[in-house]
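Novice: Those protein sequence lines, which keep their order, are chains A and B.
Residues in the first sequence are numbered consecutively from 1, following the numbering used here.
Residues in the second sequence are numbered consecutively from 1, following the numbering used here.
Derived from the structure by calculation, the hints contain no laboratory data.
None of these values were measured; they are calculated from a predicted model.
Quick reminder that beta carbons are idealized off the backbone N, C-alpha and C, glycines included.
Misleading hints may appear alongside valid ones.
[As the list claims (entries may be wrong)] These stretches of chain B come out as covered by chain A in the derived footprint (C-beta under 8 angstroms, 3 or more residues): (1) 48–60; (2) 105–112.
[What the hints assert, rightly or not] Residues from chain A shown here face chain B by an in silico Cβ test under 7 angstroms; the list is partial: (3) 10; (4) 18; (5) 137; (6) 141; (7) 142; (8) 143; (9) 313.
[Stated by the list, open to error] The calculated lysine-lysine pairs, modelled on DSS-like cross-linking and capped at a C-alpha distance of 27 angstroms, are: (10) A/311 - B/18; (11) B/111 - A/6; (12) B/100 - B/125; (13) B/119 - B/178; (14) B/74 - A/6.
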Amino acid sequence: MNRILKLIQNEQGKIFIRKSTWIMYIILAVLIFGNALLTNSFDGLKKDYEGDDWRQVLEEENKELQKESEEFEDFEDYNNSLIAKNNYYLENDIQPAPYTAWTFVQENISLLSIVSLLTIIIAAGIVANEFRWGTIKLLLIRPISRSGILLSKYITVLLFAFYTALFALVLMWIFGAIFFGIGDLNPSIVVQGEDGFKTVSLVANVFTSFGFKLVNLVMMATFAFMISAVFRNSSLAIGIAIFLMMGANSIVAFFADKEWAKYILFAHTDLSQYMDGNFLMLEDNTMGFSIAVLVVYYAIFMLLSWIVFTKRDVAGQ
Amino acid sequence: MSSAAMELVNLKKTIGKKEIIKGLSFSIPKGEVFGFIGPNGAGKTTTIRMMVGLMSITEGDVIIQGNSIKSNFKDAVREVGAIVENPEMYPFLTGWQNLKHYARMMPGVTKERMHEIVKFIGLEKAINEKVGRYSLGMRQRLGIAQALLHNPSVLILDEPTNGLDPAGIREIRDHIRKLAKEENVAIIISSHLLSEIEQMCDRIGVIKNGEIIKIQDVGEETDKEEVIHHIEVTPMDKAMKILNETFQLESVELDGNLSFRCKKEQVPEIIKRLVENECQIYQVNVAKGTLEDQFFELIGENTIE
Numbered sequence: 001m002n003r004i005l006k007l008i009q010n011e012q013g014k015i016f017i018r019k020s021t022w023i024m025y026i027i028l029a030v031l032i033f034g035n036a037l038l039t040n041s042f043d044g045l046k047k048d049y050e051g052d053d054w055r056q057v058l059e060e061e062n063k064e065l066q067k068e069s070e071e072f073e074d075f076e077d078y079n080n081s082l083i084a085k086n087n088y089y090l091e092n093d094i095q096p097a098p099y100t101a102w103t104f105v106q107e108n109i110s111l112l113s114i115v116s117l118l119t120i121i122i123a124a125g126i127v128a129n130e131f132r133w134g135t136i137k138l139l140l141i142r143p144i145s146r147s148g149i150l151l152s153k154y155i156t157v158l159l160f161a162f163y164t165a166l167f168a169l170v171l172m173w174i175f176g177a178i179f180f181g182i183g184d185l186n187p188s189i190v191v192q193g194e195d196g197f198k199t200v201s202l203v204a205n206v207f208t209s210f211g212f213k214l215v216n217l218v219m220m221a222t223f224a225f226m227i228s229a230v231f232r233n234s235s236l237a238i239g240i241a242i243f244l245m246m247g248a249n250s251i252v253a254f255f256a257d258k259e260w261a262k263y264i265l266f267a268h269t270d271l272s273q274y275m276d277g278n279f280l281m282l283e284d285n286t287m288g289f290s291i292a293v294l295v296v297y298y299a300i301f302m303l304l305s306w307i308v309f310t311k312r313d314v315a316g317q
Numbered sequence: 001m002s003s004a005a006m007e008l009v010n011l012k013k014t015i016g017k018k019e020i021i022k023g024l025s026f027s028i029p030k031g032e033v034f035g036f037i038g039p040n041g042a043g044k045t046t047t048i049r050m051m052v053g054l055m056s057i058t059e060g061d062v063i064i065q066g067n068s069i070k071s072n073f074k075d076a077v078r079e080v081g082a083i084v085e086n087p088e089m090y091p092f093l094t095g096w097q098n099l100k101h102y103a104r105m106m107p108g109v110t111k112e113r114m115h116e117i118v119k120f121i122g123l124e125k126a127i128n129e130k131v132g133r134y135s136l137g138m139r140q141r142l143g144i145a146q147a148l149l150h151n152p153s154v155l156i157l158d159e160p161t162n163g164l165d166p167a168g169i170r171e172i173r174d175h176i177r178k179l180a181k182e183e184n185v186a187i188i189i190s191s192h193l194l195s196e197i198e199q200m201c202d203r204i205g206v207i208k209n210g211e212i213i214k215i216q217d218v219g220e221e222t223d224k225e226e227v228i229h230h231i232e233v234t235p236m237d238k239a240m241k242i243l244n245e246t247f248q249l250e251s252v253e254l255d256g257n258l259s260f261r262c263k264k265e266q267v268p269e270i271i272k273r274l275v276e277n278e279c280q281i282y283q284v285n286v287a288k289g290t291l292e293d294q295f296f297e298l299i300g301e302n303t304i305e
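Okay, chain A solo, but in the shape it has when bound:
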């Protein structure tokens, strides 16, 4: 056990001594800051609910949305859902929560896909780079099994994914707090559930989304790690993983009418589709089935990585 910890220490060291890793963190921070800045300058409206005249504000907003729908028909569906939501506030006499740090985090949770990107880069390189540098030979002639080496690398990738996601989350909250204030400790928001609107805790909503994003993160990281271990080529691993990540929705949509579409990994990686107010990737999806598909894919990725890495000869370049 102690040995594995030391191996993980080695791997972490190799990641963080390189400047490229720090540059990735800086880019992440800049993106989050930029989003906060943009939100602040364009969405100033949102603070208007705070006064006693919030009902009036909502009604005016509805009128504007209506007018916009008439001008641009494309917006109609989206605007109608916003109007319905506003009406729910009015009918149930709920004052909309002000825009705060938590709201900012909730609206920008998709920024975590940048974390996926960074994790893919790390996961893709962690095995393949050792082959590229030639250091794999010196790594494998130690009194440690190949499984041990691979396990330490995999754990390192998961750790990286986890604390980078946490870093992004905390940073989002901090920038959110700076620009929009902290607000209530536990504000509520209204979301569309299966049968109409309902009120849920914003903080709980944020952490549920975060948890589901982590599942996605782990799957993509494991996929890139597998390509890295099997093909020993980091560019290939980065390329395929990012392509699939970016194209995931289109791939699923493209094959949606096929019988086997439900077995496509990317129809299931985003578990937040089962949260209230979100759309299902495929109509028949259920949470249980999605988890089953994820587990099967995960097992295949792990098995392939392990078998190839531990069995294959380490020959010349």
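Fit chain B to the given chain A structure using the hints.
Specialist: Showing chain B alone in chain A's frame:
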């Protein structure tokens, strides 16, 4: 058996249908420096990769200090320090960080040991520089340092003189002799250049097309083998005639010397006969690089089958 630090038992490697290594068997006792010579593509690196478990063994086994690399990898490899092909290190780490990285992977490597090794290999000045800025010679030294960290009983060095200048080669040679004599380490050195490692080795094994074709002690008396001798003698014509008629030896004039091939045991008789016939002998030399000649004879053309 008990004194053999490393033993190869009918070691074979087949890739696809092609037999790359065709049954190598030899053993290396503690304290011996074994030169592993062969042309490029003869199977040196493949053999070394099997010795340290980087490649699977098709048939046979490698036994290190009584442990099989196949069935008892951890205990066997614990006794081995190696550089396989080039001494590749993490370029973004300093020499010291590289050593520390490998020290963490092995039990019982202390900081004192690391300092000791750095001093031994003469890298004190550069140890805190990034390896990316090292010359090949410095990386070669660092490679040897990482291989020695855990006090192995077998040291495997693949082409250790690559990229070293003559002074560097002499230094490495001294280190190797010292390790073998003082620490009783068995050392395997591979090279395709016999001349560079001839002087460091106790024994040399020549490999060609996956087979050991000859194992020879370096200091061995070569009484029975014909080697080239140069004799500075006057008059040359007369000496040439005597050699031809009395000993049936073909001789040629070369740089003012008479050169011919003969067995060592013939030399006294030849000199005696020449002197009796009033030839003036100024000096007799045995051609240097005799092993090298044999080596080329053995491997013939640098062909890969």
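Novice: Would you mind marking each hint as holding or not holding in the structure?
Specialist: A quick look at each hint next to the structure:
With a cut-off of 8 angstroms between beta carbons, the region 48–60 of chain B has 6 residues touching chain A; three or more are needed, and the interface restraint holds. With a threshold of 8 angstroms between beta carbons, the proposed coverage of the region 105–112 of chain B by chain A holds, since 3 of its residues qualify and at least three are required. With 7 angstroms as the threshold, the beta carbon of residue 10 of chain A comes within range of chain B, its nearest partner Cβ sitting at about 5 angstroms, so the hint holds. For residue 18 of chain A, the shortest C-beta to C-beta distance to chain B is roughly 6 angstroms, which falls under 7 angstroms, so the interface hint holds.
Restraint check, residue 137 of chain A versus chain B: the minimum CB separation of about 5 angstroms is within 7 angstroms; hint holds. Using the Cβ-Cβ criterion of 7 angstroms, the hint placing residue 141 of chain A at the interface with chain B is satisfied: the shortest such distance is roughly 5 angstroms. Annotation: interface hint on residue 142 of chain A holds; nearest CB of chain B at approximately 4 angstroms, less than 7 angstroms. A hinted interface residue such as residue 143 of chain A counts as satisfied when its beta carbon comes closer than 7 angstroms to some beta carbon of chain B; here the least separation is about 4 angstroms, so the hint holds.
Because the beta carbon of residue 313 of chain A sits about 4 angstroms from the nearest beta carbon in chain B, less than 7 angstroms, this interface hint is met. With a C-alpha separation of about 20 angstroms, the suggested pairing of residue 311 of chain A with residue 18 of chain B holds against the 27 angstroms cut-off. At most 27 angstroms may separate the alpha-carbon atoms for a hinted pair to count; residue 111 of chain B and residue 6 of chain A meet this at roughly 15 angstroms. The hinted pair formed by residue 100 of chain B and residue 125 of chain B meets the criterion: a straight-line CA distance of about 17 angstroms does not exceed 27 angstroms.
For the suggested pair residue 119 of chain B and residue 178 of chain B, the alpha carbons sit about 14 angstroms apart, so the restraint of at most 27 angstroms is met. A hinted pair counts as satisfied when its Cα atoms are at most 27 angstroms apart, and residue 74 of chain B with residue 6 of chain A qualifies at roughly 17 angstroms.
The structure meets every hint from the earlier list without exception.
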